[in-house]
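Protein chains: 2
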Amino acid sequence: MTVNRRFLLCRRPQGAPVPDDFRLVEEPVPAAPAGGFVIRNHFASLDPAQRGWMDDVPSYMPPIPLGDPVRATTVGVVHNSDNPDFAPGQWVLGLNALEDYSVAMPGGFTSVIDVAHVDSPSRFLSAMGAVGLTAYFGLLEVGKPQPGETLLVSGAAGAVGSMVGQIGKIKGCRVVGIAGGADKCRRLIEHYGFDAAIDYHGRSVTELAASIAQEAPQGADIVFENVGGDVLDAELMNLAMRARIVLCGLISEYNAPEKHGARNLWQVLVKRATMTGMLIADYVPRFAEGGAEIARWMAEGRLRVDEDVQVGLENAYDAFMRLFSGANTGKLVLKIV
Amino acid sequence: MTVNRRFLLCRRPQGAPVPDDFRLVEEPVPAAPAGGFVIRNHFASLDPAQRGWMDDVPSYMPPIPLGDPVRATTVGVVHNSDNPDFAPGQWVLGLNALEDYSVAMPGGFTSVIDVAHVDSPSRFLSAMGAVGLTAYFGLLEVGKPQPGETLLVSGAAGAVGSMVGQIGKIKGCRVVGIAGGADKCRRLIEHYGFDAAIDYHGRSVTELAASIAQEAPQGADIVFENVGGDVLDAELMNLAMRARIVLCGLISEYNAPEKHGARNLWQVLVKRATMTGMLIADYVPRFAEGGAEIARWMAEGRLRVDEDVQVGLENAYDAFMRLFSGANTGKLVLKIV
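Line by line, the protein sequences give chains E and P. Going by UniProt numbering, the first sequence opens with residue 1, and the numbers climb by one from there. Going by UniProt numbering, the second sequence opens with residue 1, and the numbers climb by one from there.
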């Protein structure tokens, strides 16, 4: 491999991204800068958050500059290096981009990882990556589940949601998942062990709210929110007193030029509920602790973590859009090499 | 007075209430039931919450039954009684209705009040009533203001908002108020001692967000929300990291048949903010504590509490609608006798 294919953002998407918002270019493989190193990316994480980074709006990270490759968490191998802490051949995890090779400097987000005990290095983008740790810390630290409580999870068949539901079961909750389509709902029950699953497809807010009420007649003590929009509105009509809403994502709104908005916020008032925004970046010092418990649950067969592995930088656009079409089940990963 | 005028809800309002949703009727003055008593109402509280009770939707209180008088907190005098704890002539505060005379039973919400040290019994509907206590406990217990923090208050010239801002100043915050119109904004600065006031009239969400950014360049550490809709959306674009949003009211949405919704909830996520619903009913055991501190601040001249006293049950509809037109400054009270 003598070229570095890079998947560039060349235009800010209006609503849903279209192929022409991006361009795949070939450049020479970079050399390691003084004190830095070059990573051969093997897997890249595809996440809803990347859609936000494509907009030119204030967020917890700067927008991706136009002409730069799309920012992504990747796992890869140090290719060449001018830094003794990152030797060629070492596996690393870091915030890089959708490209064959990324230049990195120490002091950034890159860390060396031990892939000896995982079935695939991509596990560091799923179970032990931001997705798994988001499920773990979001549910346990913000949701604070207690045995016997009812946990309602939206986007339940997704990467974060499926882990949240399973961790909720481990913690003794009754777990109700909301997902799109009968297949996903069956999967929630049979594959992930949820107590109940609700299909939101083709249902109005009122109908969806009624379905939730059936499965959670006392209301939800915890709502783990990945979706927003109509789904959130239906959930808000089913809060238990002093419910905790973990605001983890609002994927239904990311591509919407005119956002729908949460119309039932008054229920937060009526039920004295609390809605708290959660970003995994706040838990970096505790990643080792969370990763270890996730690995243990997986080894014990109590936690299943699925990956939806798409292949090839040339398919980056189609792969990314699976997040929004609802096509992916499990953590979406792009295999680069 | 030998008749009991009662302001009945005879139809559930669609959007903004219209006069035909109500009817003023005359009935005989009731007799005290066994073990109960009859209250001659002197003042009734007019509050946005009453609009919610007129709808047939689940809330923290049952809907007002059609044909019943409009539920309201009142202060009045025991008129006749079959209960030794409530002797004729005693002043009482309770959850009654917009009517001359209300029947009450012990064990309900009625309590005897001491009006000797207030300039008007209506103070128990404003400064020391639900309004004052909502401002007090909402800001102090949910907002948790720290000296030097920035407090953003919507509906700032209203009954709750004007007290919240002043208590924020007492606690050492920089206080920025949002209100409708130049007069109200001037009043916030000159009358209530706010640090800054922003007029939302005629401003888009983007323009309002820019005005807030100017007055709160580091963002708001606390948002005390009374309004919702566009105002909330503009505030959400100006949160400081880990901001606390006290969700106290959403008055802009109460009459909206199609609710607008909060479109910028993603900022709660980005800023790891917390939004918590607040109802004064949760603080009943601490009313004496809050009332005493409010009275002390008023006596010290540090807290001004204004009342907008409208007169006459026959004017109940027009008086109530002042809440939504933005006409009232200070706590809206209906003087019945």
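Since the hints were derived computationally from the structure, they do not count as laboratory data. One or more hints might be untrue.
Distance windows between CB atoms, simulated [stated by the list, open to error]:
| hint | chain 1 | residue 1 | chain 2 | residue 2 | range |
| --- | --- | --- | --- | --- | --- |
| 1 | P | 189 | E | 214 | 51 to 59 Å |
| 2 | P | 62 | E | 172 | 32 to 40 Å |
| 3 | P | 285 | E | 114 | 21 to 29 Å |
Covered stretches of chain P, going by a simulated chain E footprint (3 or more residues, C-beta under 8 Å) [unchecked claim]:
| hint | segment |
| --- | --- |
| 4 | 99-111 |
| 5 | 170-176 |
Facing chain E, from chain P, some residues (calculated, C-beta under 8 Å) [what the hints assert, rightly or not]:
| hint | residue |
| --- | --- |
| 6 | 2 |
| 7 | 3 |
| 8 | 87 |
| 9 | 117 |
| 10 | 262 |
| 11 | 270 |
| 12 | 271 |
Even for Gly, the Cβ is constructed at its ideal location relative to N, Cα and C.
Results of checking the hints against the structure:
1. P:189 <-> E:214: 51 to 59 Å: Distance hint for residue 189 of chain P, residue 214 of chain E holds at roughly 53 Å.
2. P:62 <-> E:172: 32 to 40 Å: 34 Å Cβ-Cβ, so the 32 to 40 Å window holds.
3. P:285 <-> E:114: 21 to 29 Å: The hint (21 to 29 Å, Cβ to Cβ) is violated, given that residue 285 of chain P and residue 114 of chain E are roughly 55 Å apart.
4. 99-111: With 0 residues closer than 8 Å to chain E, the segment 99-111 of chain P misses the three-residue bar; violated.
5. 170-176: violated (count 0)
6. 2: 40 Å, violated
7. 3: Not OK, violated: residue 3 of chain P not within 8 Å of chain E, min 36 Å.
8. 87: 36 Å, violated
9. 117: 32 Å, violated
10. 262: Given a least distance of 5 Å, the restraint on residue 262 of chain P holds.
11. 270: Holds, about 5 Å.
12. 271: 6 Å, holds
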